[in-house]
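Undergrad: Sequences listed follow chains H and C, in order.
In terms of my numbering, the first sequence opens at residue 1 and continues consecutively.
In terms of my numbering, the second sequence opens at residue 1 and continues consecutively.
No wet-lab data here; the hints were simulated from the structure.
The reader is advised that the hints may include incorrect statements.
Dumping the calculated SDA-like pairs for lysine to any residue here, alpha-carbon to alpha-carbon at most 25 angstroms [said to hold, decoys possible]:
| no. | chain 1 | residue 1 | chain 2 | residue 2 |
| --- | --- | --- | --- | --- |
| 1 | C | K24 | C | V224 |
| 2 | C | K58 | H | R170 |
| 3 | C | K118 | H | S237 |
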Amino acid sequence: MDFFLQLLINGISIGFLYGLAAMGFVMIFKSSSVLNFAHGEMLALGAYIFLTLVTWAELPVPVAFLVSLLGSFILGFVIERLFLRPLIGEPLIYVIMLTVGLAAMMKGFMLLVWGGNLYIYPDFLPAWLTLDLGNIVVPPVYITAIFTGLVFLVIFGLFFKYSSQGIYMRSVADNQPAAMSLGVHVRRVFALSWAIAALVASMSGIVLGVINGINVHDLSAVGLKVFPVVILGGLDSIGGAIIAALIIGLLETFTGGYISPSLRDVVPYIFLIFILMVRPYGLFGLVEIERV
Amino acid sequence: MEKPFMLQLNNISVVYSDVIQVLKGVSLSVQEGAIVSLLGSNGAGKTTTLKAISGLLKPENGEVTDGTIEFRRSKIQNLSPEAITRMGIIQVLEGRQPFKYLTIEENLRVGTATRWGKPYKNDMELIYNYFPALKKRKKSLAGYCSGGELQMLVMGRALMAHPQLLLLDEPSLGLAPLIVREIFKIIKRINEEQKTTIVLVEQNANMALQIAHYGYVMENGKIVMEGSAADLKENPDVKEFYLGMAASGDKKSYENVKSYKRRKRWL
Chain H
1 MDFFLQLLIN GISIGFLYGL AAMGFVMIFK SSSVLNFAHG EMLALGAYIF LTLVTWAELP
61 VPVAFLVSLL GSFILGFVIE RLFLRPLIGE PLIYVIMLTV GLAAMMKGFM LLVWGGNLYI
121 YPDFLPAWLT LDLGNIVVPP VYITAIFTGL VFLVIFGLFF KYSSQGIYMR SVADNQPAAM
181 SLGVHVRRVF ALSWAIAALV ASMSGIVLGV INGINVHDLS AVGLKVFPVV ILGGLDSIGG
241 AIIAALIIGL LETFTGGYIS PSLRDVVPYI FLIFILMVRP YGLFGLVEIE RV
Chain C
1 MEKPFMLQLN NISVVYSDVI QVLKGVSLSV QEGAIVSLLG SNGAGKTTTL KAISGLLKPE
61 NGEVTDGTIE FRRSKIQNLS PEAITRMGII QVLEGRQPFK YLTIEENLRV GTATRWGKPY
121 KNDMELIYNY FPALKKRKKS LAGYCSGGEL QMLVMGRALM AHPQLLLLDE PSLGLAPLIV
181 REIFKIIKRI NEEQKTTIVL VEQNANMALQ IAHYGYVMEN GKIVMEGSAA DLKENPDVKE
241 FYLGMAASGD KKSYENVKSY KRRKRWL
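Chain C on its own, in the form it takes in the complex (with noise of 0.2 angstroms):
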């Protein structure tokens, strides 16, 4: 029996500033208990996508337009941050936003914000479990962290929250290539053990269809391809202008210049 949807949008538009459009009509459906990768180029849509749905748009006048959100068949376009997380939808931003001037533990402390009151302790343990490294750590400013701590930080922020669903912008943003492998094998980890359904934006293809189960291709304010992460891997357009490799399956050479003839034949 198919498995019901915990995330749908249906054809989705979204303005900034009353007059630019930046989505047109996107529709993706997210599986419980999946990892959904969202590929694409600079400017396409994705962090826009994931704003939407976790009600950041607002503050950045934004605003869906058309279509509807729905997580768990409630409607939640346009509603407060405050209001979606509170039913456990929780982005991490992009680029890695620490609180500069709060140590990390408090910085981890922020993220109990949506169950104010409620005992976390437990959960410290379990981010600490998670990211060793923030151990070490965790009386010291934030601001004073490199980036793979930082990344660390502010994925196990957002797991304080006890989020059903995760929304992560690009974990792999400026980081060496060993930290990125263990930055995704700990979201993979935190998927399988903790039941978070994950949303994953990225521009490292290659990885994020290591662990994803599904994903979509963005193009332009428009979802232009989608399919199972191994459909996807063996997707000929999707191995040349996203992995980096010639349609034959090798790694592209340069020296053959005949390559720039072969066009995106999804537009």
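Next comes chain H alone, as it looks inside the complex (with noise of 0.2 angstroms):
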């Protein structure tokens, strides 16, 4: 019983890590219908900013994360209007390929400046963050994985739903050529979701990276855990995202705990294809509104 309390614990918080990880990639789709393939860049580049900040620059914690936030914001604004924004208007198979690119690109500049060793943070989370709860012992950075999940959930909730910019964002995403008669700046919107994106990865791939170090090709890694997961949840979803990401990383959890490590990066793939027979717009995606 305390493994499974253990094992489910571990696949929440994991599973709240991948669902911030897939919000940030939701939102590039959802406002220009790219699928980001250098999403697992982002996040890993995150998490070395952060590393070199609280290392090399020994600033403390706090202002190094907000910092590593900042950054990571302005790197997906500069990403968008150097490499995107020429592409605007060409086919959408250009833009993904594009991505492909820059996530090659992205991870050479990472080898290039940072090498392919693992690094870990100096441990930094406070103890009182632990959580006790008699047989098992929950460490604090679960508990910050679940919780800045949870905050970022509803911010991003609220802001898609009630805010003026983010009803603009959807529109973009509904139908381009409208929005723009609306007078709506398409341009600012794709490359405020690129910094959002940029944002909430490298926040994702921070907490990985306490969690299991850093490593190049382990944190790029996750960018494709995230195709499951948004497949999973419905591409255009964010809520769904978060829900897939719950069921993936539990999935894998118990995989490695109960049946055998190897096969947890395999089993959310199968469980995918099976939800994908039964809905095939995801479990949260829209259904296209067809009207004869």
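Two chains, each in its own frame: build the complex with the hints.
TA: Below, the structure written as structure tokens:
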């Protein structure tokens, strides 16, 4: 029973981290229909920026955290400006191929600067975050993962539902020519969605880095993990992404715990195939509204 | 004294993808506060003319290659749609383009994009006043609304932007005659009450000439005729080719085979 609970908590917190990563991915897809293959790399880069600020620049942790979030936000803007904007109006497949190239470039850059070794952050999470339930002890990082996941989910939910800027972003995703005819600044919306995506990606990259250590290959592989999550959740639903991420996170940890650790990376994909056979739009994807 | 012209197109040419010439020297002027109707068959260049004004040519790879478009004496040809909408020119696209996955209310809120951050609650009430049908459905997704409701929605959405000049592209497309009449009535009311200048592109020449003050007839990317709405209504060619009446003024009868001999005289 204790083992089960331990796995459950691990699964939920890993799930929230995947959810955070997927949130950024969904955001880009929602506003511009672009599948961002460089998402894992954005996530890894966030983790490295934080690492550099904490160990090399020796900034206090909260400052380093805020600075790296701000840095990734700006980085998202820059990426959109330099690489995506010239391709506005071109067929989507070009843009998607560009993100594949971007992924390779960013990975190369990170290997060049930080090398392929495994780094670990200095221990900075306070001990009082530890949840002691008698037989099982939840380490602070898992609590942090769940907490940040929840906070960001609520913030983005409210942002998209009620704020004007969020509604403009959804309108661009929905019908770009119409949004343009009403004066919505479409390029600004794209830039904003890349910036926000980079921010949440680096957020999840930092927390994953605390759990597993920081390594280019491991962290950017999470970018791939995002695919079953978002397809399961429905490509355009942020809430769906979180729930799907929880499912995938739990599936992974339970398979790893009860069956075999080597199966844990495969099972999510198998599950995905079954779900897609039953619900091709994913769990919460928008069903195409057809007026006949 | 003559009222000043709000919008003037001077001999503009529009080319798509650097090769396809759609407009060949179109000139027209719109007076402040008027409803100007643009008539013509499919492919005449009416929609392109509107898009040239609103800046929406650019995303479609079109460009004004010659001539000028002046809005209140400043040149606006080939500006970005963001800049042009902020000057108060809003186009309502052809074929009702709602944001399907947004509710009616959210759709209307997108109309505030040109004046982001300003209060919009009163405008919302104004729109519901013009289009009471929308109020009943404000929480439902636009994708599930009827054609008439959607036409009201896209017009209401444009009004949210406080347009000085409203470009309407075929508001009657695919709607029942009763609803068409209602929509035209509202267009007239908007023009009178909000002092919004309106350029109206229509296939339904009969309805359009009823509410318009002035009209232009386009064909093959050129303006072939212009005049006050009353004059156009009486013009035998317009009657024959756009109002579906024989030159004598009766409803045209297809039993009268000889009618095919009549040619458009302006070509």
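Undergrad: Failing hints, ascending?
TA: 3
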